[in-house]
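Heads up: the protein sequence lines correspond to chains L and X, in order.
Quick note on numbering: the first sequence equals residues 0 to 320 in numbering that gives the first Met the number 0.
Quick note on numbering: the second sequence equals residues 0 to 252 in numbering that gives the first Met the number 0.
Hints were generated in silico from the structure; no laboratory data involved.
Take these hints with a grain of salt, some might be off.
[Claimed, not checked] Some chain X residues near chain L, calculated using beta-carbon distances under 8 Å:
id	residue
1	81
2	93
3	97
4	113
5	116
6	145
7	147
Only a predicted model underlies this, so the values are computations on that prediction, with no experimental measurement involved.
No residue lacks a Cβ here, since even glycine has one placed at the ideal position from N, Cα and C.
Listed below, chain by chain, are the residues.
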Amino acid sequence: MNLPSQESSVKKSQADLLFEAQQRKQNRFRLNVILSWISLLVFLVFLFSGIEIKSSGGKTEISYWRFRTVTENNRNIRKKIQTSTSSLSLGLPGKGVDIKTIIVDGEFIRDNLDFVATGIVETIKISVFSILLAITLALLAALGRLSTNPFIYALSTFYVSLIRGTPLYLQIFFFFLALPQLGIVLSGLRAGVLALGLNYGAYMSETFRAGLASVGKGQREAAIALGMTPIQTMRRIVLPQALRFAIPPMGNDFISMTKDSALVSVTGFVHELMWRATKVGRAEFRNMEALVMAAIFYWIMTLILTSGQSWLETRLARGDR
Amino acid sequence: MDPIIKISDLDKYFGMLHVLKNITLEIQPREVVCLIGRSGSGKSTLLRCTNFLEEPSHGTIEVDGIKVEAQGKGGEHRQQIHDLRLKTGMVFQEFNLFPHMTVLGNVIEGPVTVKGMDRNQAIALAEENLDSVGLLFKKDEYPNRLSGGQKQRVAIARALTMQPRVMLFDEPTSALDPELIGEVLNVMKKVAKDGMTMLVVTHEMGFAREVADRVIVMAEGELIEDSNPDELFRAPKDPRTKALIDRYRSGES
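Please take these sequences and the hints and turn them into a complete structure.
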């Protein structure tokens, strides 16, 4: 029997145990986070459920409210109706509590769900066109910042400064409402895409600039020593590495652009999610229902994009460096 | 025989700093020349001027019949520099492999992009050179999966695949862990044996002594001594050379 080796094997298993304990702790934490998420979600659903809990005088009454169409004085109106009640002979004494939750007009949601959901297509369309324009402009502006030509350098900094110095809301209005005065009439979609693209292009140029700066001098020198021209060096060596660096922040920009596309609804001619939600909401004074619908759609889109982005990020982390 | 590298009246200033002082140097084909000297003596700058990675302030560089004047202007000058770079392969201290390409991708990048070589032909050539540095089995790996010594060997294969007439090495082992230096020096010896003209900036006195045909000592931007290694290590003429060699000897024992 060899004592030292036995000792080391004991030590190793101890380290394993510690590691496992840590792992268990982490897993427990993750599980608790998920459970908390679920309970918060359940609470949110409860908040909009129309359930009323009244507990007083030693009795508890749980009732369910909903909107119903009723005829009063020969006119159809929608009214909050208490539909079902169940009671328990157990409850708080005295005055007790009365918990009321928000009553949502389910029929309105059912009737308008399709109409609002159709806006998703338009929202995605604006976002994709705008991000393509933004990437192009951002790349040009970032390369302009590297230029030794003073005019090109000035052009790029001027563009970034002007766009970042004015509100996006104003820019959208400018392209839609101010340009027609000059005889340039853009459709709502075009004006929106132009404004969003220009705006995000200016912000994203900083991301690209950081990406270009992240590529070391040695990489350029190695390319030059191989005999590459400046354009070949940029295209084959610097840009691929810079873009890889810039993809995660670009994902963030795309996500916030998807939400900012709602601003395009102010033109009144782009029938995306926000426009549709406000239209039906105002028409029947059901703004809450309409906006909740739109919020859920935006949230789901963002969740999908976020998970897509983290997938991309882990993929990019593999392979290099 | 005509020299393959001719450096004449070369000066280089960094601002007010005079880092290369009127350097004239000729290197014959198949010669292996080591440049040694303390840091700041200008040896790396001289090497980097040889392929115009640094533009000299004055003088001319000629490699294999391509003659380039310092501080030229215009398209013709650019073309000359391009031609000069095709004649020279360079190996850097920090390897500078392209992290977004596989080992094979790194090695074929030059021939395909710069020379417009047919891809399959480039791959064949690249595999031959990777084999000769002993890393053909790593051809589909990315550089981050390689050790420092392996990276430097790939960098040598990358430079060789451009089929240069001259190889420039800028302290190729200085960034390596001591136990990885040997494999790189062995590859360099092999390259020398195959008849490549080599200009090597190094601190590896052992390599200089064993492999070099000539050892040139630099100090304060000047070439202070130029002789064969036996003579240099036995009887250094300049006191600064003597100090350099003594320091190496004390480190050796």
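Tested hints:
1. 81: 6 Å, holds
2. 93: OK, holds: residue 93/X within 8 Å of chain L, min 5 Å.
3. 97: It holds, given that the least Cβ distance between residue 97/X and chain L is near 6 Å, below 8 Å.
4. 113: Hint holds; residue 113/X Cβ to chain L Cβ min 4 Å, cut 8 Å.
5. 116: 12 Å, violated
6. 145: This interface hint is violated because 12 Å lies over the 8 Å limit.
7. 147: Interface hint status for residue 147/X: violated (14 Å vs cutoff 8 Å).
In terms of the numbered hints stated before, the structure departs from hints 5, 6 and 7, listed from lowest to highest.
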